[in-house]
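Visitor: Start from chain A and add chains B and C according to the hints.
Protein chains in written order, with the working numbering: chain A, 1 to 522; chain B, 1 to 522; chain C, 1 to 522.
You may find that some hints are simply not true.
Heads up, the list lumps identical chains together, so a pair's fine if it works in one copy or across two of them.
Stated by the list, open to error - Calculated pairs, PhoX-like style, for lysine-lysine (alpha carbon to alpha carbon, straight line, at most 25 Å):
id, residue 1, residue 2
1, K448, K347
2, K113, K49
3, K175, K335
4, K390, K177
5, K175, K49
6, K437, K347
7, K450, K297
8, K49, K437
9, K437, K113
10, K113, K89
11, K254, K390
12, K450, K175
13, K390, K175
Simulated from the structure, these hints should not be mistaken for laboratory data.
These figures come from a predicted structure and were not determined experimentally.
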Amino acid sequence: METADAVKKNHDLNPSCATSCKCSEYRDIKEAGTLTNTEVLGHGPRLSKANLFTLLSLWMELFPREEKEVVNKNVFTRGTGLVVVRDQKVVGLHCSGSELHAGQVAVIRHGPKLASSELYFSRKPCATCLKMLINVGVSRISFWPGDPEMSLSVGVNGMDSISQEAVLDAIASEKLKSNSRPHIGVAVQPLALGLQQFVMETSLGCDFVERMSGDNPGLDTRDLFCRQRRQNISTFSQEFLILPEQHHRDILAKIGLENFCMEPYFSNLRQKMTDLVEVLASVAASLPVLQHGFYWKDSQPTASESSQPPGVSQETARHCTIQARLLAYRTEDPKIGVGAVIWAEGKSAGCDGTGRLYLVGCGYNAYPVGSEYGEYPQMDTKQEDRQRRKYRYIIHAEQNALSFRCDEIRQEENTMLFVTKCPCDECIPLIQGAGIKQIYTTDLDSGKDKGDITYLRFNGLRGVQKFIWQKSTLTRFASEHAGPHLANGSGSMRKHDRQSEQDVQCNKRARSAMPEDHTPVC
Amino acid sequence: METADAVKKNHDLNPSCATSCKCSEYRDIKEAGTLTNTEVLGHGPRLSKANLFTLLSLWMELFPREEKEVVNKNVFTRGTGLVVVRDQKVVGLHCSGSELHAGQVAVIRHGPKLASSELYFSRKPCATCLKMLINVGVSRISFWPGDPEMSLSVGVNGMDSISQEAVLDAIASEKLKSNSRPHIGVAVQPLALGLQQFVMETSLGCDFVERMSGDNPGLDTRDLFCRQRRQNISTFSQEFLILPEQHHRDILAKIGLENFCMEPYFSNLRQKMTDLVEVLASVAASLPVLQHGFYWKDSQPTASESSQPPGVSQETARHCTIQARLLAYRTEDPKIGVGAVIWAEGKSAGCDGTGRLYLVGCGYNAYPVGSEYGEYPQMDTKQEDRQRRKYRYIIHAEQNALSFRCDEIRQEENTMLFVTKCPCDECIPLIQGAGIKQIYTTDLDSGKDKGDITYLRFNGLRGVQKFIWQKSTLTRFASEHAGPHLANGSGSMRKHDRQSEQDVQCNKRARSAMPEDHTPVC
Amino acid sequence: METADAVKKNHDLNPSCATSCKCSEYRDIKEAGTLTNTEVLGHGPRLSKANLFTLLSLWMELFPREEKEVVNKNVFTRGTGLVVVRDQKVVGLHCSGSELHAGQVAVIRHGPKLASSELYFSRKPCATCLKMLINVGVSRISFWPGDPEMSLSVGVNGMDSISQEAVLDAIASEKLKSNSRPHIGVAVQPLALGLQQFVMETSLGCDFVERMSGDNPGLDTRDLFCRQRRQNISTFSQEFLILPEQHHRDILAKIGLENFCMEPYFSNLRQKMTDLVEVLASVAASLPVLQHGFYWKDSQPTASESSQPPGVSQETARHCTIQARLLAYRTEDPKIGVGAVIWAEGKSAGCDGTGRLYLVGCGYNAYPVGSEYGEYPQMDTKQEDRQRRKYRYIIHAEQNALSFRCDEIRQEENTMLFVTKCPCDECIPLIQGAGIKQIYTTDLDSGKDKGDITYLRFNGLRGVQKFIWQKSTLTRFASEHAGPHLANGSGSMRKHDRQSEQDVQCNKRARSAMPEDHTPVC
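With the rest of the complex left out, here is chain A:
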């Protein structure tokens, strides 16, 4: 995601986007260059913290579950994503398991450490979760104002007995809210000016799409990206938005948000929700499902590497990398946003919807915590003085993920780093020293020397398995070299992924009929 490059490359792109898209405004801003809004002028616009946490919670709701999972028998309970934040840092990413709600998962996993945490839910949690979270002392509960965990949508057509259970639950939730210490409410914020377009451009320009383009010179990646994005918007809207306005109003009234039912607050809320869903759709489209996946960097792994743990499924790798890409939109770097997420695989399946995986840490590249805006050098393209360059002051995404980790890295477990850029030479020894066992990334920069920053050590790194975003290696080397999960990566794809792949196939004709340049594609 090289902002400047991406913007330049897609400069003449004039997407006819969804109605909410502010791309033309954004380009005006960049060209005029007169705005004093620092977020736009200094570098690309940023996600606010609250929106980042909200987006991560929505995305966690879609965490790929294992096949064997028993579906929750209560059809009125909806799976929920949850982000646990302490001291402004993400310390937990969870989702509903087959037996436990996301809020209960958090209580079981964090216990008394939940005290003074802030929680971001992808749905209003049920009263049972709420009472336990209030009891354990969380300081704030934010939730996405769609259909709540105890669904008020599903039972509408007839099945009233259980729907009434949901109504009783909503009433109890309100009583708990009114008596509780933590603030319970909605934290959705408006997007920064131009962010929607910026995310679209940088997603399309990111290393993952670029790699696909390089591997298949004939591939129209812009078209592929836009169709993936549209597909995502459709899926995510069904999941997270309540399309009929009156139905949405009814639900808001039942979950204690009657103040949002009036105009202009209602339209405002819906616009903000739509905007965030579209941002998520763009980011999730940056690793399109086609022939690419995360495969071993080296066709002939060493003996010791072969004996290392198998990687996660393609789906999970893609999901975690998109978490990292979301984090990158909080960057403070003037040029390149990078995100990193570290997950570890515990010894036994927990109660979490993430199965045996648990979060170890995450971060993005930024100036040292506590820095004021502009305190440190921020290189632009004309800056020649080596003393004034940013490189000596920026904390890399991997460094932040390791510094503010929320759990220990255990030698006996498989700990995995997902990062949106190839790790540089400054980070390689830290990653290795910390005991990371696997890296999932793109190696587009590997081997390059960019002056103040070099990527010369990644290729030679030993003792850490490297899974690189690349074309399926099935044709490149014997399948027995690939880890069992990864070998059948495409085989374990989920239904909606397969659909989108079919979608890609079916639309090949349509695409080839479309002009390639200067044409609205999104």
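Guide: For chains B and C alone, kept in the frame of chain A given last:
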């Protein structure tokens, strides 16, 4: 322990109790119903926190030790129980080991985490423990004002040399106390009005006694309970009280409590001490030692269950369950008090008198932490409106034990839950998800649907061993199915338990001669 | 290190020391006895905390590395020692590894727990370390004002390109310093009056030297000690001081310490640095490298002991024991200073220069934390009243190391205690109960009953391996009984140790020519 039921069932009981018993007063209160004392009016009277911690410390002194333990050579050092409290939560239950005093055990086990903790000792700790606890920064040390850890009783008859050691220790303790930051003193509080009688009734009416009654229709459980209680009073008084008044005064003077030697403070102190000993005697009598114990729920355990770790001894299971019953007397539930304790078995014997066992958490059922009195619905029998029922607001004992756990639950260790009621359907997935390996409980409610609360999932719970308070199963299924410890549960009983069993046998004649109803039994 | 005895024994010693030595002043003070300076009057002078941490950081720079270590390719980066302090307690001892700087090691090992810590570096850390430490929220960074980690000395002769890298690094460091929250600076303090001489006398009089003297009645230990000390001064000066004044000034100016370049501050700084280097030289000379080392106490270890983990190398054991000896100079005990350090051996080599070893805790003997001066009895030789003796109030070094440990003691790992005196009977059960697997110490007091303190249990202690400072046991029992590391202890000695041994051999002639008493030896 269903308060209302128990009270009704034992309504016509007119026990001629120990001198301190306030049972007649208590019944007057319940019948008149005019008192404004909320603790009595809203629901049964409660134990104060200080008294709960004090009772737990006394009970920890009696923790069953393993046979192989080498008796401490210093006959002047008495075994001591210790409760570690942080932020008003129990975070450690300890007792003297064969080599270390309880205070030293706490330093070794908790280290710097002891800072700002409150400690409740069953005896005044020795100067060596005191200096280490002051050094590590505890905020308060409370002790039971009986014979101190460095006994001032044992050496009275002749062996003056070591007794002088105890005197020197007492002097050093005073010097440490006067210079130290933590407050060091006695925290025994008066019982709430009617609590003594309430504990007696609810102990006699608890599920454990009821199960015995159900299993043996001819058994006079009231008589059994009362004799067990009297036996306990006799044993505990010898352990915890100093019967000759002058001797008690001498000891108080020597351990820096000379202010307690004067009237009316002296009599007051002794009365409060006697009251607490009697409460402990009642609670400990609620799992009478006869033919019942904790045995596998299913006569034909599955293969995977057979390979699970063996349970603890009958003695230990009974001891931990009584800890849970003590905790239940802090309930805020208007109807049913429930207590839960979680212990885990470490890989190697520690220095603690509890051997390989260490506390993971404990709790009782209550409204969310921070609730004010009456803030949430409190169902009475007439309440019909489902919106107003307590069930959506009460945090169950198991939930509190898990939420405020003081240690992690490790998958590779055997973690055990002791709980005074069958876990309900809301708690079952939490217990399983948290990684509990064994449950010790009563299944009296198992399979029942009580409207707002159901117990339908306990029977079907798989992957967790269930040990149920029931008649010895030796006659019911082949002994090789029982875990080694539990198979010979009665065989490993301690001397004083065997004595009380003999006592029960010997008194069968006496009991059968006694009228069964409306007769003073305690 | 028995202060009183040592002072008496060496009373007639009139060492003509290095120019900075204040030995004559010190003896005047002791004899006159008129000073009111409590540090000198009450007991021996003490190291300030800042100086203790500084000395430990210098000493950590010299931590013996494993042979296989790859030398850092960047010849301009100098190995650095680091002490992490939280709440005035040492919680980490680190040094540069083959891949990571000491500051990075601390970030990887402590993560977010570094927040609010104070760091003491043996060199000014590089900008990359600095940015990460500032980012993670440390509260203070102190460094030794010699050649910085990115050396400004090495490149002087010609290799300007990389030397310029060091200059850029120094500039970046200054920018980081000026913007950062933590205070970054120099914390070297002047020595307490008489401390230099006190350290020399007590090092020469310590148990380790005394044991050598006892084992070799003909050995001139004073001469041996003084030559070892001179050897150390020479080695350490080369490592830690910048001898040419102008060069030192240049470096100070480049690392942002231009205020120190002016007089009298410059001379003052250099004097303080020289003083500390000499203190370190004295302490490090107290375990002279000759025929003595740490060998198994019992010539015939039990079968279970033979199966225990091997010990660390002689070099490492000596290094850690000298850490303990440095700690002893913070004692509050009026008579005997004792230091203790606990290290554990993790399962896999970390990124730390200490390899698999990590600090668990350390301490020295002192009155309870928070005590005011003179609050507790402080025995002098005339004190007869047993009530007034210090023994009941002093927290032993081992007790402090265990109480304020910075990591858990894991049963599956080898945890080692290094202590400068034989553990007494009060500490033995604590050491065993805590799960210590090995003790490295001197057993000079073992078996003794000194009235208020006894050492009767050390010999009988089972289940803990005891490595005692004694003559090489190669001649005393079969080598297969010794652990592999320890058997070849002398074989794995480092180059400069071998040199000093040769030095000793070569100077035998010189020594025998020297008068034995009343002669300047240092």
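Visitor: Hints first: check each against the structure and report whether it holds.
Guide: Okay, the hints, checked on the actual structure:
Taking identical chains as interchangeable, the C-alpha atoms of K448 and K347 are never at most 25 Å apart, the minima being 38 Å within one chain and 36 Å between chains. Both within a single protomer and between protomers do K113 and K49 lie at most 25 Å apart by alpha-carbon distance, with minima of 21 Å and 23 Å respectively. When the C-alpha separation of K175 and K335 is checked against a cutoff of 25 Å, the pair qualifies only between copies, where the shortest distance is 21 Å, while the shortest distance within a copy is 48 Å. Proximity of K390 and K177 under a CA criterion of 25 Å is satisfied inter-copy only: 15 Å between copies versus 46 Å inside one chain copy.
Neither within a single protomer nor between protomers do K175 and K49 lie at most 25 Å apart by alpha-carbon distance, with minima of 29 Å and 28 Å respectively. Proximity of K437 to K347 under the C-alpha cut-off of 25 Å is found in both arrangements, the shortest distances being 15 Å within a copy and 16 Å between copies. Taking identical chains as interchangeable, the C-alpha atoms of K450 and K297 lie at most 25 Å apart only when both belong to the same chain, with a minimum of 22 Å there against 59 Å between chains. Taking the closest pair of Cα atoms, K49 and K437 never come within 25 Å of each other, the shortest separation being 30 Å inside a single copy and 40 Å across copies.
Within a single copy, K437 and K113 get their C-alpha atoms only as close as 27 Å, which misses the 25 Å cut-off; across copies the closest is 23 Å, which meets it. Taking the shortest alpha-carbon separations for K113 and K89, both the intra-copy value of 14 Å and the inter-copy value of 14 Å come in at or below 25 Å. In this assembly of identical chains, the alpha carbons of K254 and K390 lie at most 25 Å apart only when taken from different copies (21 Å versus 51 Å within one copy). Proximity of K450 to K175 under the C-alpha cut-off of 25 Å is restricted to the inter-copy arrangement: shortest distance 23 Å between copies versus 59 Å within a copy.
Taking the closest pair of Cα atoms, K390 and K175 come within 25 Å of each other only across two copies (11 Å); inside a single copy the shortest separation is 51 Å, beyond that limit.
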